[in-house]
Amino acid sequence: MGNQLATAGSTLTAAQLNRCYGQADGTSTTVTAATTTQLSSSYSIPANDAQAGTAYRLTGGGWATWGSTQQNLTFAFSFGGGTPFTSPVIDSTAFAISLTLRWVVCVTIVCVAPGASATWFGSAEGVISATTNLVPGTAANGTVGFGFSNKTVATQDSTAAIAMFLQGKWASTTGASTITNTFTLFEKVN
Amino acid sequence: MAPILADNGTPVTSAELNQRYAKGDGNTFTVTENSTPGYLSTPYVIPAFDASVGTAYRITCGGWGTWATTTHVGVMLGHVFGSTYNLANQFNITSIASSVFALTATFRWKCTLFAVAVTIGEQATWALNGYGCMTQSTNNVKPATAANNTCNFALGGPSGVNTLATASSNDAIIFALGGKMTLTDVTQVITTTYSLFERID
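Just so you know, the protein sequences line up as chains A and B, in that order.
Numbering of the first sequence is given in our numbering, commencing with residue 18 and proceeding in unit increments.
Numbering of the second sequence is given in our numbering, commencing with residue 474 and proceeding in unit increments.
What the hints contain is simulated information worked out from the structure, not anything from laboratory work.
A few of these clues could be false.
Listed below are the simulated PhoX-like cross-link pairs for lysine-lysine, each with C-alpha atoms no more than 25 Å apart in a straight line [said to hold, decoys possible]:
id, chain 1, residue 1, chain 2, residue 2
1, A, K205, A, K168
2, B, K615, B, K496
3, B, K615, A, K205
4, B, K615, B, K583
5, A, K205, B, K583
To give an idea of the chain A side of the interface with chain B (calculated C-beta under 7 Å), a few residues [unchecked claim]:
id, residue
6, Q40
7, G43
8, G78
9, W80
10, T91
11, V121
12, N150
13, V152
14, A156
15, A157
16, V170
17, F200
From the derived model, a few chain A residues whose C-beta atoms are all more than 10 Å from chain B [what the hints assert, rightly or not]:
id, residue
18, Q55
19, A72
20, S95
21, T149
Predicted model only: the values in this text are computed from it and were never measured.
Think of the CB as a built atom: it goes at the ideal place given N, C-alpha and C, for glycine as much as any other residue.
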C-alpha cells in the first residue's frame, strides 16, 4: 500500500498513526488431535482495513513432545475460515520417540487486491528442533526447517473481518503426541 | 496487548505514539570461550513498568563465524533475560553440535528472539521463544553433511520447555542473545554484526 507518511505542518490523521501496530498474548494452546485444530490465538484483520499491498504477520511458537509412537505433524494457516497454505508434513521419523521439541512458525500475508473478492499471497517459515545438541538429519538430536506458501492466489473478502491463526494436526493420536503454542504475535506491518 | 489506536480529531497521546518503536545498531560482539558466556546481540533494556500483559519485544541479530581448526566444538545459544547477565538468567539454552560443521568451516547466522509478557509485576512471567539458522558459507548447501550443512534451531521456554520465565517487570530487564562454546578453542569464533530491537505493541 502507499505509505501514509506525515508531512511537516500538516494535521496527523488516524490512518497515518494506525498503519502499523501489533498485538500479542501468552495464552497456551495444546493440540493432540488427528484433525486440523487451532494451535495459536486468533487475531482479526478489521473489515475494510486491507489495501493493495497491506501486509500482516502472525507468529507463534512453543514446545512439543514427539509421541511414544512417532506421528507425522502438519502445520496450517487458517485465514477467514479457509486454509490458503499448509506446511509440508514433518515426517514421523524426523525425531526420536518421546523427544522434547521447540518450534516457531511465522506467517506473512499480503493483500494483492482488496474488496469482496480480495486476493492474497503469503508464505511462512518455521523450525522445529530438539532442545539441545542439534545435529540435522539425526532423530535424537534433529532439527527441521521448512517453508510454505500459496502457489495460486487465495481469495478472501476484505470487506468483512478476517480471522487468522495457526493450526496443527497429528497423523494419529496413537502415542500421545502433543504440540503447545505458548505465545502469539499479530502485526499489521504497513 | 490490544493496540492503542488514534481517532481523527482527538489529541494524540504518548501511549499511542510510543507503543511501537525500534532501535538497531552495527555493534560487533564475538564469543570464543566456554567458561564465560557473552552477548551475541546488543543488550537492550526493557524499561521498568513498561510491559503490560501481552506486550511483545523482538530482537533480530546475525553475523558470521568460524568453526575450530583442530577440535570440533559446539555453540550454545540462549536468551539473556533478567536484571543482570549471568547463567541464572540465561534461558532456553540450545546447542549446535560440534559435528554439524567441518573443521575450519566458515558460517553465517541469523536469530530472532521473542519475549511476551504473560503476567506483570514483581513475579512477572514471560513466554520466551525464538528461532534461527546457521549455514556454512563456503560450499553448496546440503543438509546433514558437515561440509555442506545448514542447521535451523528453535529456542523455547526456560530450563524445561513447558514453563514460563520469571523476571520482574517492575525493574529494568536486560534482553539479549547470549552464547558460549562447548569447549574453549580460540580458533572457534561466532561474531554478531548487527542487532535490532523492537517493541511491537
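Here is how each hint holds up against the structure:
no.: 1; hint: A/K205 to A/K168; in the structure: holds (23 Å)
no.: 2; hint: B/K615 to B/K496; in the structure: violated (35 Å)
no.: 3; hint: B/K615 to A/K205; in the structure: violated (35 Å)
no.: 4; hint: B/K615 to B/K583; in the structure: holds (18 Å)
no.: 5; hint: A/K205 to B/K583; in the structure: holds (23 Å)
no.: 6; hint: Q40; in the structure: holds (5 Å)
no.: 7; hint: G43; in the structure: holds (3 Å)
no.: 8; hint: G78; in the structure: holds (4 Å)
no.: 9; hint: W80; in the structure: holds (4 Å)
no.: 10; hint: T91; in the structure: violated (17 Å)
no.: 11; hint: V121; in the structure: holds (4 Å)
no.: 12; hint: N150; in the structure: holds (5 Å)
no.: 13; hint: V152; in the structure: holds (5 Å)
no.: 14; hint: A156; in the structure: violated (12 Å)
no.: 15; hint: A157; in the structure: violated (11 Å)
no.: 16; hint: V170; in the structure: violated (28 Å)
no.: 17; hint: F200; in the structure: holds (4 Å)
no.: 18; hint: Q55; in the structure: holds (18 Å)
no.: 19; hint: A72; in the structure: holds (14 Å)
no.: 20; hint: S95; in the structure: holds (20 Å)
no.: 21; hint: T149; in the structure: violated (5 Å)
In summary, the numbered hints that this structure violates are 2, 3, 10, 14, 15, 16, 21.
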